[in-house]
Structure formats: C-alpha cells, structure tokens
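Engineer: The chain contents come next:
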Amino acid sequence: MSASQTPPRKRFAVPFGLTLVLLLALLWVLLSFATHNFMTERNISNLARQGSMIAILALGETFVIITAGIDLSVGAIAGFITVVVAGLLTQGLPIWASVLASLGIGLGIGAFHAFGIVSMGLPPFIITLATLTSLRGIGLLLTNGATISITNDAFTEFSLGDVFGVVPNLFAVVLAVALPAWLFLGHTRWGRYLFAIGSNSEAARLSGVSVVRTTYLAYILSAMCAALVGLLLASRIGIGNATQAEGWELQAIAAAVIGGTSLFGAVGSWHGPLLGAFILATINNGANLMNVNSFWQRIITGGLIIVIVYSDQLRRRKR
Amino acid sequence: MALAGHSDAGGPSVLLELRGLDKRYPGTHALKSVDLAFIEGEVHAIVGENGAGKSTLIKLLTGAVRRSGGAIVWRGAEAAIETPQDAIELGINAVHQEVVLCRHLTVAANLFLGDERERAGLLRHSQMTAEAQHILDDMGFAIRADALLSSLTIGQQQLVATARAAQRGTRFLIFDEPTAYLTRQEAAALFTLIRRLSADGVTIIYISHRLEEVFDLSDRVSILRDGQLVLTAVTAETDEASLIRGMINRSIDQVFHKEQMVRGAVMLETRKLCGRGFSDVSMAVHAGEIIGLYGLIGAGRSEFASALFGRDPATSGEILWDNSPVRIRRERDALRLGIALAPESRRDQGLALSLPVGFNINLPIFHRLTRGPLLDGRRETTCAERQIADLSIKAPSRHVAAASLSGGNQQKIVIGKWLNHGARLFIFDEPTVGVDVATKAEIYRLMGKLLREGTAIILISSYLPEVYELADTLHVFARGRLVASHAHKAASHETILAQAIGG
Numbered sequence: 000m001s002a003s004q005t006p007p008r009k010r011f012a013v014p015f016g017l018t019l020v021l022l023l024a025l026l027w028v029l030l031s032f033a034t035h036n037f038m039t040e041r042n043i044s045n046l047a048r049q050g051s052m053i054a055i056l057a058l059g060e061t062f063v064i065i066t067a068g069i070d071l072s073v074g075a076i077a078g079f080i081t082v083v084v085a086g087l088l089t090q091g092l093p094i095w096a097s098v099l100a101s102l103g104i105g106l107g108i109g110a111f112h113a114f115g116i117v118s119m120g121l122p123p124f125i126i127t128l129a130t131l132t133s134l135r136g137i138g139l140l141l142t143n144g145a146t147i148s149i150t151n152d153a154f155t156e157f158s159l160g161d162v163f164g165v166v167p168n169l170f171a172v173v174l175a176v177a178l179p180a181w182l183f184l185g186h187t188r189w190g191r192y193l194f195a196i197g198s199n200s201e202a203a204r205l206s207g208v209s210v211v212r213t214t215y216l217a218y219i220l221s222a223m224c225a226a227l228v229g230l231l232l233a234s235r236i237g238i239g240n241a242t243q244a245e246g247w248e249l250q251a252i253a254a255a256v257i258g259g260t261s262l263f264g265a266v267g268s269w270h271g272p273l274l275g276a277f278i279l280a281t282i283n284n285g286a287n288l289m290n291v292n293s294f295w296q297r298i299i300t301g302g303l304i305i306v307i308v309y310s311d312q313l314r315r316r317k318r
Numbered sequence: 000m001a002l003a004g005h006s007d008a009g010g011p012s013v014l015l016e017l018r019g020l021d022k023r024y025p026g027t028h029a030l031k032s033v034d035l036a037f038i039e040g041e042v043h044a045i046v047g048e049n050g051a052g053k054s055t056l057i058k059l060l061t062g063a064v065r066r067s068g069g070a071i072v073w074r075g076a077e078a079a080i081e082t083p084q085d086a087i088e089l090g091i092n093a094v095h096q097e098v099v100l101c102r103h104l105t106v107a108a109n110l111f112l113g114d115e116r117e118r119a120g121l122l123r124h125s126q127m128t129a130e131a132q133h134i135l136d137d138m139g140f141a142i143r144a145d146a147l148l149s150s151l152t153i154g155q156q157q158l159v160a161t162a163r164a165a166q167r168g169t170r171f172l173i174f175d176e177p178t179a180y181l182t183r184q185e186a187a188a189l190f191t192l193i194r195r196l197s198a199d200g201v202t203i204i205y206i207s208h209r210l211e212e213v214f215d216l217s218d219r220v221s222i223l224r225d226g227q228l229v230l231t232a233v234t235a236e237t238d239e240a241s242l243i244r245g246m247i248n249r250s251i252d253q254v255f256h257k258e259q260m261v262r263g264a265v266m267l268e269t270r271k272l273c274g275r276g277f278s279d280v281s282m283a284v285h286a287g288e289i290i291g292l293y294g295l296i297g298a299g300r301s302e303f304a305s306a307l308f309g310r311d312p313a314t315s316g317e318i319l320w321d322n323s324p325v326r327i328r329r330e331r332d333a334l335r336l337g338i339a340l341a342p343e344s345r346r347d348q349g350l351a352l353s354l355p356v357g358f359n360i361n362l363p364i365f366h367r368l369t370r371g372p373l374l375d376g377r378r379e380t381t382c383a384e385r386q387i388a389d390l391s392i393k394a395p396s397r398h399v400a401a402a403s404l405s406g407g408n409q410q411k412i413v414i415g416k417w418l419n420h421g422a423r424l425f426i427f428d429e430p431t432v433g434v435d436v437a438t439k440a441e442i443y444r445l446m447g448k449l450l451r452e453g454t455a456i457i458l459i460s461s462y463l464p465e466v467y468e469l470a471d472t473l474h475v476f477a478r479g480r481l482v483a484s485h486a487h488k489a490a491s492h493e494t495i496l497a498q499a500i501g502g
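Going line by line, the protein sequences match chains Y and R.
For the first sequence, numbering that gives the first Met the number 0 begins at 0 and goes up steadily by one.
For the second sequence, numbering that gives the first Met the number 0 begins at 0 and goes up steadily by one.
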C-alpha cells in the first residue's frame with residue numbers, strides 16, 4: 000500500500016488558474032506601459048463592467064460543459080430578457096417583480112432545454128441551437144422589431160453604481176455569483192454529480208445519481224445566469240432589444256475554454272471561466288485603447304484561444 | 000508443426016528474437032532485459048499477472064512505444080521498430096483486448112480500412128463487401144460483412160478485428176486476451192483460425208489469463224513476472240500448477256478461496272419472476288451465501304440480474320426482500336434496498352474513469368457526506384481512504400484518475416463504492432474478465448470478506464470453474480429459464496455444461 004502520501008487537493012486546477020492570473024497580470028502590466036490611459040480608475044472600472052457579463056455567462060456555460068453538454072442559447076436568452084424586462088418595467092411593474100419574472104423565464108428556458116435532452120433525446124447542441132434562433136424571433140415578434148427604452152431610472156442606474164465607491168455593481172454581481180458557484184462545484188454533491196455524468200453518465204446512473212435531475216440543474220443554472228446577464232445588459236444600455244448580445248454565447252464558450260474547461264466534459268472550475276472572460280475583456284479593452292483595428296481584435300482572440308488551449312493540452316499530456 | 004526444443008532456438012527457424020529488451024517508464028521499470036526467441040509458425044503463449052510486462056512487450060513489438068534498451072531481431076537482422084507503420088511493414092499485427100475499430104462503419108469497411116479497393120478514385124463497395132464476406136466465411140465467423148460494426152456484440156467485433164489483422168499479409172500475430180468476451184462457439188472458431196494460421200507458418204503470441212486455453216493452443220509458454228522472464232517451457236511438458244507458481248509464487252488452492260459460512264436468513268426471494276429475456280425464475284438468496292448464475296451469453300442470467308437491479312424491470316412475478324414484497328422499478332429502488340451491481344463492463348458502466356479514485360468510491364454516498372448543504376471534506380477523505388486501505392487498492396493516491404489504475408484495481412474501486420454505500424446484496428457480473436490470477440484471488444477473498452459481514456452475493460459468470468468453486472448454490476440458465484440448481488460442487492463440470500447447452 001503506497002497511498003499514504005496525500006498531495007494537496009486539485010493539483011491540476013491551482014497551477015493552471017495561477018497561470019491565467021499571471022497572464023492577466025502580464026497583460027495589465029504591458030498595457031499600462033503601452034498606453035497612458037489603461038491604468039486609470041475610469042478605464043479599470045470600465046473594464047470590470049465589460050468583462051462582468053461575459054464572465055457570468057461563461058460561468059453558467061461551464062456548468063453545462065462539465066456535464067459534456069453545450070448551451071448555445073445564452074446570448075439569445077440575454078437579448079430576449081432585455082426585451083422582457085423592458086416590457087415589464089414599461090407596464091409599470093416594480094423592479095423586484097420584473098427581475099424575479101425574468102429569472103423565472105430563464106429557469107423555464109433552461110428546464111425546456113433539459114426536457115428536450117432528457118425526454119426527447121435531442122443532442123444539447125441541437126436543442127439550444129433551436130432556442131438560440133427562436134428566442135431572438137420571439138423577442139422581435141413581441142416588439143415588432145422595435146426597441147423599448149427603459150424609463151425606470153432606478154433600474155438603469157444600477158449598472159452605473161458601485162459598492163463602497165470602488166467596486167462597480169456589475170463586478171460585484173460577478174462576485175456574488177462566483178461565491179455560490181465555488182461552493183456548489185467543489186463542495187456540494189450536486190456539483191460532484193455534474194462531473195460524474197460528464198465523465199460517464201452510465202456509471203453515475205448505476206451509482207444512484209439521478210442523471211435527469213442533474214441535467215435539469217445544469218441547464219437551468221446556465222439559462223438563469225444568462226437571464227441575469229440580460230438584466231444587467233438592459234440596465235447598462237437602457238433598452239430592450241432582442242438582437243442584443245449577438246454572438247455572446249461564443250465568447251462565453253471561449254472564456255470557459257480559455258479557463259481550462261474541457262468540451263469533452265468532467266473538467267472545469269468556477270474560477271477558470273471568470274479569468275478567461277476578463278482576459279478576453281482586457282484584450283478588447285487594450286486593443287481599443289491602442290487603436291487596434293477591431294477586425295484585428297477578433298483575429299487576436301482566435302489565436303489566443305488556440306495558444307492557451309494548446310498549452311493546456313501539453314501540460315495535461317506531460318502527466 | 001515445426002516445433003523444436005530449446006537446443007536450436009537460435010537456428011534458422013527463429014523468426015523474431017528479443018535480445019535484452021528493456022523498457023523504462025518514468026517511475027517504473029516495465030520490462031527488464033528480456034531474452035526470448037519466437038520460432039516461425041509456433042503458437043507461443045505468454046502468461047503473467049497484470050503489470051508483469053505483457054502489454055509493454057506488445058507495445059514494443061507493434062511500435063506503439065520505443066524500447067529503452069536491447070534489440071529486436073527479425074529474421075536474423077536487427078529491426079528498428081519505432082512506429083506502428085514499421086511493425087505493420089514487417090508483418091507484425093496485434094488483436095487488442097479493447098476493440099479499436101470504427102463503430103459507425105460496416106464490417107467490410109473496417110476490414111479494408113486503410114487498404115480500400117478503389118477504381119478511378121472511387122470506392123468499390125460491392126467488391127469489398129463480397130471479399131470481406133468471403134474472408135469471414137472462410138474463417139468460420141458467422142458475421143455479415145455489410146452489418147454495421149456497432150450492431151455486433153463485443154465478441155463479434157473482436158472477431159472482426161482478428162480477421163482484419165489476419166488477412167493483411169501477417170507473419171507475426173499477437174492476441175491479447177482474445178476470448179474475454181467471446182461465446183463458446185466464437186472462441187472455438189477463433190481457435191480453429193489460430194491453428195490454421197499457425198499451420199500456414201504465421202507465428203503467434205497468445206496472451207491469456209485462461210490457462211486451459213494456453214494448454215489447448217500453445218506449443219510453448221513463457222512466464223513474465225515483474226517485467227522479467229521467469230521461464231520458457233514446452234507447454235506439453237508443464238502443468239497449470241507450475242505456471243501459476245511461476246506467475247505469482249503461490250499455489251493454486253489459494254486462488255479459489257472459499258470460506259465456509261453460516262447461512263443466514265433469506266434476504267431475497269423471487270417467485271415466478273418474468274422479464275425481458277427470462278421467465279419463471281424462482282430462487283432464494285440467503286445472507287452469507289454466494290449464488291452462482293451460470294449460462295451461455297443470452298441465456299437470461301444477466302437479464303435476470305438486471306431485473307433485480309431495476310435496469311430492466313420485471314414484468315410479472317414477485318420479488319421479496321426480507322420476506323416482504325417489493326417493487327424494483329429503477330436502479331434507485333434497488334440501491335435503496337441495498338442491492339448493488341458491479342457491472343460487466345467497468346469501462347462503460349462501472350466507473351467515471353477520467354475522475355479521481357476517491358471521487359468514484361464516494362459517488363454513491365455523496366448525499367451522506369454532507370454537513371448542511373456542503374460536503375464534508377474530512378469525511379470524504381476518511382471514507383475513500385478506508386476503502387483504499389481495506390481493499391488494498393494500488394493507487395499512488397486517491398486523487399489520481401481511475402483510468403490510470405490496472406483492471407483489477409478498477410474492479411476493486413467498483414466494490415469499494417458499494418461497500419461504502421453499505422449494500423447487503425452484491426450482484427457481480429463477470430467480475431474477473433480480463434483480470435490476472437493474483438487479482439482474481441484477491442477479488443474472491445474480498446467476496447469472502449463481504450460474506451463475513453452478513454451480505455449475500457449473486458455471482459454471474461461465463462467461466463465455469465469460477466462459479467463452480469465458489470457458489471454455494473449454482474443455478475444454470477438456458478434459453479431464458481432456470482433449468483437446474485446444484486449445491487456446492489454437487490454436479491460435475493460436464494453435467495453443468497450439458498445443461499447450459501442442452502437446456
């Protein structure tokens with residue numbers, strides 16, 4: 000028996016998380032030298048706001064990817080929810096009721112995804128692709144293609160405010176989501192079950208794990224995170240429009256993957272997607288400050304995904 | 000058959016020779032300077048425990064890994080087998096334990112994969128199907144060439160892999176546990192093919208844990224232990240007992256470890272239970288006993304066990320648990336009662352291989368390891384470490400992925416899961432498929448330990464000696480029915496086989 004030496008938990012996650020932190024720090028140092036206005040209070044809080052929404056989407060997406068699934072609808076949900084919440088506020092509903100109703104709709108959409116996967120046997124890619132297109136359609140139909148402006152100032156001011164005068168509210172929401180996510184993924188049995196069905200759902204089922212409930216949980220969490228982002232987005236731009244957040248699902252997936260989430264399932268963490276999202280946001284922000292052509296930004300982002308994921312592969316192979 | 004003794008092993012009939020072949024992996028010395036000669040046309044069996052170096056030897060010969068030292072000599076000249084392509088060009092092929100073919104393609108497409116018949120750049124489907132069918136018929140395998148590979152049983156897929164390896168100019172063919180998933184008929188067809196290939200001058204390495212096959216097929220046999228060659232002998236001049244001694248330094252009586260237990264109360268009873276694949280099965284299972292279920296594949300024994308575990312619920316009849324009727328409609332019903340299943344295919348059903356050992360052990364009991372909504376890390380550690388220690392699971396730590404462990408140790412993880420869960424009735428479905436003698440002995444000893452703790456065991460096996468030696472009551476299944484029941488060793492092997500075949 001040689002099983003007595005116990006290495007620290009999660010030997011894999013911590014160093015990789017650390018590399019991402021270092022990468023982020025490196026980018027910040029480089030940008031603060033390369034530009035004169037990067038390290039300004041205003042830009043940093045701007046950056047925090049920009050990264051926050053993708054971070055929350057990516058975190059929700061990670062729950063699904065850990066189960067070896069995918070959720071392509073998160074951007075569409077966010078766009079759809081801007082319409083919903085704008086409409087409800089225009090009808091005179093109080094903010095708390097509009098927020099709860101929006102999150103409830105997110106829950107319903109997630110449950111529908113899980114229903115399609117579990118009961119109809121559809122691949123996650125297909126069912127979420129279907130809602131991706133149809134949600135945008137429904138949103139446009141509801142408003143007849145128009146944009147609803149939000150006149151409720153209390154609601155729109157949220158995105159401009161901050162906590163203790165330093166932490167932008169949007170970033171505070173990321174922290175408020177990250178803490179429960181950390182507990183959930185690492186320290187609850189349901190978090191473990193996500194990994195179990197991502198690794199081998201048949202083995203999980205034979206071990207008494209309810210694959211059905213776990214699947215519902217994953218897609219509902221993802222859709223509710225997306226609904227939350229929809230609320231934040233509506234608050235930030237002050238309008239409801241179903242075409243908003245176009246392509247954000249791909250940014251969210253990219254952020255998750257940069258953060259070490261494996262698209263084959265069973266590998267992922269709570270902090271990886273957050274770091275991934277802020278790395279992406281930093282690159283975009285820095286590129287803007289340096290007046291880099293926005294077409295180049297996309298190419299840089301694509302190249303970065305390849306470099307980071309490839310280096311992660313190399314690191315895993317060495318073990 | 001051109002079989003010579005040791006005296007002229009260096010003579011012109013040697014096809015392939017290993018000289019001081021050595022392989023080191025980081026942390027392990029997998030093969031220690033092995034000298035071994037293979038004579039053209041012989042069937043050379045290699046036996047040894049898991050981890051003895053057999054797979055490393057195969058990997059070196061097929062170019063999957065590079066040697067660390069020594070030489071491989073092919074027809075008297077040193078051969079640099081560095082890549083799989085090198086091995087194939089020499090005519091060295093292997094049939095692996097796990098089928099490595101494309102499940103979505105047809106049998107014919109798999110047979111000709113990489114070597115397709117074309118005309119003007121287009122595939123000649125019908126020609127390939129016809130040729131493939133001819134090859135399969137010729138080999139005596141009852142398989143249709145136009146069937147999709149995924150529609151075949153694992154055993155049939157194994158035969159396709161064999162046919163594929165045998166038909167492409169092979170001079171040297173390696174079989175790794177080929178019969179693990181085969182039915183008796185399929186195994187018989189395979190043996191015929193092996194004998195024919197050998198008569199045609201193909202040299203064969205045959206690796207198996209089933210020693211009776213080694214004696215049935217091989218001309219010579221070599222034993223590996225801890226990466227070293229223990230001995231090479233003419234098979235006819237040795238016997239099973241000395242092979243086992245050579246492999247494990249332990250005598251055969253200790254392999255089938257049967258303890259006399261006091262039979263307890265009736266735990267489970269079925270009355271005229273019917274379901275998919277079986278009907279009218281009535282039996283009782285007492286605490287402290289092993290019930291053996293023997294039968295050919297498809298005889299209904301596994302289907303019956305599936306019904307007990309709620310995977311494929313029974314359609315009629317009664318199940319009594321502790322003398323009161325219960326309904327088992329889903330796995331979770333069975334788990335709640337305390338019925339656990341160690342499935343046949345650990346890879347597909349038993350374990351989350353990419354996840355850590357400790358995770359797998361605790362998977363069924365995470366709901367008990369919580370304090371409030373959160374998991375209690377200390378109790379997780381205790382539960383996992385206790386099973387690792389009790390079952391002497393050989394793992395560097397509970398954090399390593401289950402995939403990195405040997406088959407025997409993976410089986411122990413499955414058992415550890417259920418011990419943790421506190422199951423009272425264990426259903427073992429083919430627990431020792433592809434497991435070496437020492438691990439087998441350990442699994443049997445473990446069963447004894449389970450029984451001492453007041454549990455009962457249902458042991459399903461296609462390997463007659465196993466159920467024969469271990470079961471307190473042996474039920475024979477044929478064509479979906481329970482056709483005979485015997486007390487421990489009350490009937491002969493021949494009788495039981497006849498009942499299983501004749502029905």
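Hints are computed from structural coordinates only; laboratory data are not their basis.
Being a predicted model, the structure only gives us computed values, none of them experimental.
Don't be surprised by glycine CBs; every beta carbon is placed ideally from N, CA and C.
One should not assume that every hint holds.
[What the hints assert, rightly or not] Here are a few chain Y residues that sit away from chain R, every Cβ distance over 10 Å (derived from the structure):
id, residue
1, L26
2, R41
3, G103
4, T155
5, L182
6, Y192
7, N199
8, A202
9, L205
10, G207
11, V208
12, A265
13, G301
[Stated by the list, open to error] Some chain R residues near chain Y, calculated using beta-carbon distances under 7 Å:
id, residue
14, L104
15, L350
16, S353
17, Y467
18, L469
19, A486
20, A489
21, A490
Engineer: Hints numbered earlier in the text: which of these fail when held up against the supplied structure?
Structural biologist: 5, 6, 7, 8, 9, 10, 11, 12, 14, 17, 18, 19, 20, 21
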